[in-house]
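Single-letter residue listing:
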Amino acid sequence: MFAQIAFSWDWEYARRIFPIIAEGLLQTVVATLLGISIGMVLGLVLALLRRSRFRVIRWPTIAFIEFVRSTPLLVQLFFIFFVFPGFGLVLSPFVTLVVGLGIHYATYTSESYRAGIENVEHGQWEASTALNLSPATTWTRIVLPQAIPTVIPALGNYLVAMFKDAPLGFAVAAGGILLAAQAEASRSFQPIEPYTIMGALFLAVSIPAAFFVRYLERRYGYERV
Amino acid sequence: MATSESDGRRDMVRLEKINLAFGENHVLKDLDLSVAPTEKVVIIGPSGSGKTTILRVIMTLNRPDSGCVIIDGRHLYHEERDGQLVPAREKHIRDVRTDISMVFQHFNLFPHLTALENLTLAPMKVLGLSREEASERGLELLRRVGLGDKADQYPGQLSGGQKQRVAIARALAMRPKVMLFDEPTSALDPELVGEVLAVIRDIALEGKTTMMLVTHEMGFAREAADRVLMFDSGRIIEEGTPEQVLKDPVHERTRAFLRAVLSH
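Chains C and U, in that order, are what the protein sequence lines are.
Sequence positions in the first sequence follow our numbering and run -18 to 206.
Sequence positions in the second sequence follow our numbering and run 823 to 1086.
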């Protein structure tokens, strides 16, 4: 079996398509980095809105989070790409992917932020009141600086998970590694080389990323003294 | 509504008919209490009697169901609008609250900030001091509580007694008129209690600050307090000089409580 694969592997062809697939990978990485940026910022906003004193803010936020979390990303991408234009919002395939990843993962990161915020000791809020700190100062100088480090390992995990979800952009023809590999495979009728290169490139990014997350967990995973 | 200057002398802290219930548990019942400027009041009583809640109501950590708190002549929870006392907005509460600070049983230092940063944050953000002014004030206070060499240490690197001394310095950095101490030595190992009481005694002897302490340290109450309040079931059941209340209590509940505390 090994010999069979070796037999059908065309090094010349592989060398030629490698840059094309690598460029697809770059697009996937860029989409992921933009997506996680949205996911981290929007997630924090959702976590804060969810804690609002006002029900008219809190309830729609919870409903939105639950709705997004309980529908698949693939379906959301189709929705953004094909339904949003009906409301006058036309997004390119790439932007659709970035926005879809960002919103989808924001609902996950918001839960992590929420846990991080709730883990800040009640006494920290009371000390802030006793020192007469404003709510804004209490959030930015006391609560979030303690909450966010505890959330960083979870954010790292979502980064890796999002990278692995990013090829779903294929469904709306967003550029990326899967689209690049598939295009080559269907052009040449030689699928082994492009898809093997794709898998190898995924590993080449995922494995260092996993080590990076492991590092983050060691660095922030337990309480600093 | 009674004015706060009924006897010609302004009380620093005045509670009028304070009620507070947590569900079925009526913690404070029609509580009246006046504390004179620079007076040192020690509040004693069994746990669950509501004595800590008095401090928390003054610090706005628990809002009373009814009644008034007046700090140095200004209503804390009410403000005057069109000649009428109405529930205060947060801005008014924050304004009055600058006169008050509190030291907690569990210190509640900010663990991500150094000792000095713990002391400088609020003076900079709330009082508008410059970084230099706040640092100068902070270092002076750290020296005063005997921790001048710990300015750059994080709370996690300090002992319990040192943490509480930083917390006291942090409260002092706001230059409050009223300092509240909620069982400041209860969470400490016995050998660390003395250093914290020494710092509190030092503030008491300086005599500028009105102090209200909830504590089980009867020796400290005897030497530092102007007045001792015995609290039980949401009410003050006995009060007087330390001499009267601790040596010669009238109330049977007080006697039983003191026997229990002193036999420890």
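Because the hints were derived from the structure by calculation, they are not lab data.
C-beta atoms are modelled at their ideal positions from N, C-alpha and C, and glycine is treated no differently.
A few of these clues could be false.
One-sided and incomplete, this derived list gives chain C residues near chain U with beta-carbon spacing under 7 Å [claimed, not checked]:
1) S51
2) G104
3) E107
4) N113
5) L114
6) A117
7) T118
8) I123
9) L125
10) P126
11) A185
Taking the hints in turn, this is what the structure says about them:
About 35 Å separates the beta-carbon of C:S51 from the nearest beta-carbon of chain U, more than 7 Å, and the hint is not met. This hint holds: C:G104 has a C-beta 4 Å from the nearest C-beta of chain U, less than the 7 Å allowed. Given hint, C:E107 at the interface with chain U, holds; its Cβ is 5 Å from that chain's nearest Cβ, closer than 7 Å. Proximity of C:N113 to chain U holds as hinted, the smallest CB-CB distance being about 5 Å (cut-off 7 Å).
With a least beta-carbon distance of about 6 Å to chain U, the hint placing C:L114 at the interface is held under the 7 Å criterion. Hint on C:A117 is violated. Least Cβ distance to chain U is approximately 9 Å, over the 7 Å limit. The interface hint given for C:T118 holds, since its Cβ lies 5 Å from the closest Cβ of chain U, which is under the 7 Å cut-off. Interface restraint check for C:I123: the shortest CB-CB distance to chain U comes to about 6 Å, inside 7 Å, so the restraint holds.
For C:L125, the shortest C-beta to C-beta distance to chain U is roughly 10 Å, which exceeds 7 Å, and the interface hint is violated. Taken as an interface hint, C:P126 checks out: its beta carbon lies about 5 Å from the nearest beta carbon of chain U, inside 7 Å. Contact between C:A185 and chain U, as hinted, is not supported at the beta carbon level, the nearest pair being about 36 Å apart and thus beyond 7 Å.
Going down the numbered hints, you'll see the structure goes against 1, 6, 9, 11, while the others check out.
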